[in-house]
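J.: Line by line, the protein sequences are chains A and B.
The letter at position 489 of the first sequence is residue 489 when you use my numbering, and the numbering goes up by one with no holes.
The letter at position 39 of the second sequence is residue 39 when you use my numbering, and the numbering goes up by one with no holes.
I should point out that these hints are in silico values taken from the structure, not numbers from a laboratory.
Don't take each hint at face value.
For lysine-lysine, the following DSS-like pairs were computed, each having C-alpha atoms within a straight-line distance of at most 27 Å [unchecked claim]:
#, chain 1, residue 1, chain 2, residue 2
1, A, 452, A, 372
2, B, 361, A, 93
3, A, 507, A, 545
4, A, 219, B, 335
5, B, 97, B, 335
6, A, 93, B, 364
7, A, 521, A, 508
A few chain A residues facing chain B, derived, Cβ under 10 Å [unchecked claim]:
#, residue
8, 88
9, 89
10, 91
11, 95
12, 117
13, 118
14, 121
15, 152
16, 179
17, 211
18, 212
19, 213
20, 215
21, 235
22, 332
Backbone N, C-alpha and C define an ideal beta-carbon position, used for all residues, glycine too.
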Amino acid sequence: MKIRLRGKLILFGLIFAILPLGVAMSPSILRFYDTQRQVAIERQSQIAHHTAQEIGHFLSVQFFHTQEVTLLQSELSRDGVLRNLIMERLLFKNSAFVDLSLVDTEGREVIRKNRYRVIREDDFRDLSTSEIFQLVRERKIYIGDVYFEQGRPLFVIGVGIYDARDEFQGAVLAEIDARTMQQVVSDTTIAQEGGRAYVINRDGVVVAHPDISTVLSRKDFSLLPIVAALKKTPPETLTSSYQNELSEDVLGFWAPIVIQIGSGVPTPWYIIAEENASFAFHHVREVVWFSLMAFLSVGILAVLGALFVSRRIVMPIEAMQRSAMRIGAGDFSQRIPIRTNDEIGELASEVNEMAERLQEAKERNESVSRLKSEFLSIAAHQLRTPLSALKWVLYMILDGDAGSLKKAQKELLGKGYAANERMITLVNDLLDIVRIEEGRFDYKFQKGAIAKVIEDIVKEMHVVADKRGVQFFFHRPSHALPQIALDASKLRLAISNIVDNALRYTKKGGRVDIELTFHGKEILVLVKDTGIGIPKAGIARLFTKFFRAENAVTMQTDGSGLGLFIAKNIIEKHKGKIWIESEEGKGTTVYFTIPVSRQSKNG
Amino acid sequence: MDYPKEPVQPTKQTQPVEKKSQAKLLYAAGGVLVFFVIFLGGFWLLQEKSSRIVESEQPFVVVLPIYDIPPNRPLTAGFVDKMEDLGYKEGVDILYKRYGYISPGPEGIERLHGIYRTYIEEGVDLIHSLEYGDTNVALQETKAAGKPIPIVAGDLINPVDLGLAESWQSSGNNLTGIAETRPEVIERALELFTTIVPNIRKIGVGTQGIMAPGEPAASYLKTLREETGKLGIELVEYTTDVPPGPGHKEEVIRILQNIQEGEIDAWVHIPGHFFANQQAFEHQMTVRLKIPDMLPAIELDDNGEVVAQGEAVGLFTYGPDFYEKGQQLAIMADKILRGGTQPSEIPLELPGRYLIMVNLKTAKAIDLAIPSEILEIADLIIE
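Take these sequences, add in the hints, and give me the full structure.
T.: In structure tokens, the structure reads:
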């Protein structure tokens, strides 16, 4: 692929401007991305742990409220009315409590209050065999998973009651509205721009969420990668970015929720803090955008720089190229208008000097050529007159005007006559060449039939062919050809030269064929012989003056080497083309075309 | 052409051709690059800016509950206020259809069908209904029109039992909202009410002809009958045969005015009545007789005959905060309008909280001392 110098300069500028910038900036951007990712994960980690602490604190407060019952246990056991009032008060004063009950040492409820329902003695439960009672008896605190009751998410906590002697006195159970945890995760979500926090249980079911609908519709997030990570043994704390249930790319972190009582009591819940990747990486995006803009700006500067440099370097070179082209095309008067005081200026000056020398050489050549033509013209004219006179003298003697001749005299004079004829032909050819080169080969184009011209030539040359024992055929087309603009005499000369060559260099018994065919826009004439052919090395020079192939000279047939030169000039003047195919020893075919569309006019 | 082509002549010199300058092309390429940079920069700025632009297309059209229309009704006020908090500026982002109050009787139901039909034909984005009656009409009309326009209801009672929804998790249709399982709460409210006034033997209620037929009044009355029976309290029902319409309000007021001292020890207002401020006239009667009254939710006086307009009436209430319910509904409406969530994907929600309200003004008016244990647990004490 050819790339212009200006293009190369621009490419060079772009590559050497953007490449180092890219190499320098890419690691920084990647490092910045990594840093931002770490910061986002760290932020989510902190949010997750903080929210887990908040939820843990909330649960601790609920246990603290149940322990109020523990503190009042002695009063509660004495007076039924007082017990009722205290339980009612404890229930309503804690907005998260839905149900509150006191259990005796045997696991039976002795009093129970519900925020929405009237609890009668029939409703008291025997919890002696329940998991919650077994646990609290062992001085453990109980927290159950979330369950739903008529659209309300609830969970139960339980704690044992022990007296001063550390003897088990019963237990307090509280049913808590899980929606109260929503406030904690909502506050976190509001505080966390571009992210959210929510609570799931071990099965991945949402327990608390900023959108209460997610909890009430019992959404199962177990398929989320972060939930799968926390369910592993041991759990994976670090998670990569993933798509959440809304198909958003997020960075997430989870943390277990632990109740802050004693050394910490695990719950069946986990907090997940998520941040939208688009938000987490918005600084990275800005940097990438900035970098892209910088790349483009540098690219534009590089292109503009290259254009500026090209104005200083490439434009003079292009000017020199244009001048060199004109000089190459023969306009030696062309000069490069560059006057810079540098290498380009020196080069331009040298090219101008070269053009000067070429101009001088051209003028010398033209002068010599003119002198040569004048010489040829004068010589030919000077030769033709005596040769013509000699011709007539010899003709008259041979014709017996000077008396009868002996056979030997006649043969000698006949050879002299023939030699004189060849000299006249040569002189005529020379005069034609002089006229051609001087542009004085007056053409008179008229509408005419090329077939008629060829027929006349065939008639004339048939005698020669017969004399040489060469078969000579003219294959005319079956249909009439269109008339073309031609100078019949000049075209006759051209075709005669071609046919004469074919007959001249074809040995006895050989064959010469002329074919005339019509091809839409042009007429093709081919002259094919089975003659000596032309060596490959000679084909290229066939149409130059005085050229004769080696085998032609060896054959010792006479010839000036001007016929094809004249033929080519005449055919090209008819807007036609001529070319040759030949194989040494097998024959030669000369092709030429004449267009049919050329208007008749003198050329 | 079927003849041999002219071969290239080796001696022929290839003429040099003058090349055209590429400067114009390169300047054009530079121009394109500059344009590209400006375009990218503009795109970036636009993107940054567009993330801050709040969508401001055609305003949403929302029908407000026709059974809750008088000014300052807490449910509607909570809804409208919260919508404004969520960025729905009235007249710009949202247009409210406020028809005006319609009596819930059979005639009112018929009118309601026509009103909702007209709104649906006009093309509203959301219907905010109140209770079973108007919600059911809205459901029927949207179904009949083949346009599942979302409906958010503020005060449904037992929606699954009444066939309005398939389950609490999903209505299975174009309805969502706030719902309750009220019978249990009525029982609990009655228990708390009798704690305030332990000597109640007879409770008066306005039933046939005074309360609106159907839900929510029917289930409320049924529960009340059962629970008073359990507590050994006689339920004195006041009725009228005067149909809703001209003279009905005067008839109800006449019945209330004719209740004599000693006939009843307390009064319970049944939700669902034929005229807007019926509870105020009932309260006027209880003050006259110096007996306590209980209402299912905080009710406001709308005509100022007994207390200042917009103040809570009644002595005691244990029920949901309707203003908060309105706010809850607004969040649901936002999910539907801007979030594009289907109502069936939004589970029915219980009210956020139930309030114990004690009105000390009323207590003073009827010379009643409120026990301290009730005052201690009360969420709202009107002094």
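J.: All hints are to be evaluated individually against the structure, with a verdict given for each.
T.: Do the hints match the structure? See the list:
1. At most 27 Å may separate the alpha-carbon atoms for a hinted pair to count; residue 452 (chain A) and residue 372 (chain A) exceed this at roughly 37 Å.
2. This hinted pair checks out: residue 361 (chain B) and residue 93 (chain A) have alpha carbons roughly 23 Å apart, not beyond 27 Å.
3. Distance hint between residue 507 (chain A) and residue 545 (chain A) is fulfilled; the C-alpha atoms sit about 25 Å from each other, no more than 27 Å.
4. For the suggested pair residue 219 (chain A) and residue 335 (chain B), the alpha carbons sit about 17 Å apart, so the restraint of at most 27 Å is met.
5. In summary, the hint linking residue 97 (chain B) to residue 335 (chain B) is supported, as the alpha carbons are separated by about 20 Å, within the 27 Å threshold.
6. Proposed proximity of residue 93 (chain A) and residue 364 (chain B) is supported: the alpha carbons are some 25 Å apart, at most 27 Å.
7. About 37 Å separates the Cα atoms of residue 521 (chain A) and residue 508 (chain A), which puts this hinted pair outside 27 Å; it is violated.
8. With a cut of 10 Å, the hint placing residue 88 (chain A) at the interface with chain B holds, because the nearest CB-to-CB distance is about 6 Å.
9. Given hint, residue 89 (chain A) at the interface with chain B, holds; its Cβ is 6 Å from that chain's nearest Cβ, closer than 10 Å.
10. Interface hint status for residue 91 (chain A): upheld, as the beta-carbon distance to the closest one in chain B is roughly 8 Å, under 10 Å.
11. At about 7 Å, the closest approach between the beta carbon of residue 95 (chain A) and any beta carbon in chain B falls short of 10 Å, and the interface hint on this residue holds.
12. At a threshold of 10 Å, the smallest CB-CB gap from residue 117 (chain A) to chain B is about 5 Å, leaving the interface hint in force.
13. With a cut of 10 Å, the hint placing residue 118 (chain A) at the interface with chain B holds, because the nearest CB-to-CB distance is about 5 Å.
14. For residue 121 (chain A), the interface hint is violated, the least distance from its beta-carbon to any beta-carbon of chain B being 13 Å, above 10 Å.
15. Annotation: interface hint on residue 152 (chain A) holds; nearest CB of chain B at approximately 5 Å, less than 10 Å.
16. Interface hint at residue 179 (chain A): satisfied, since its Cβ lies 8 Å from the closest Cβ of chain B, which is below the 10 Å cut-off.
17. Of the supplied interface hints, the one on residue 211 (chain A) holds, with its beta-carbon coming within about 8 Å of a beta-carbon of chain B, less than 10 Å.
18. Taken as an interface hint, residue 212 (chain A) checks out: its beta carbon lies about 6 Å from the nearest beta carbon of chain B, inside 10 Å.
19. At a threshold of 10 Å, the smallest CB-CB gap from residue 213 (chain A) to chain B is about 5 Å, leaving the interface hint in force.
20. Taken as an interface hint, residue 215 (chain A) checks out: its beta carbon lies about 9 Å from the nearest beta carbon of chain B, inside 10 Å.
21. Because the beta carbon of residue 235 (chain A) sits about 30 Å from the nearest beta carbon in chain B, more than 10 Å, this interface hint is broken.
22. Taken as an interface hint, residue 332 (chain A) does not check out: its beta carbon lies about 14 Å from the nearest beta carbon of chain B, beyond 10 Å.
Checked against the numbered hints listed earlier, the structure breaks hints 1, 7, 14, 21 and 22; every other hint is satisfied.
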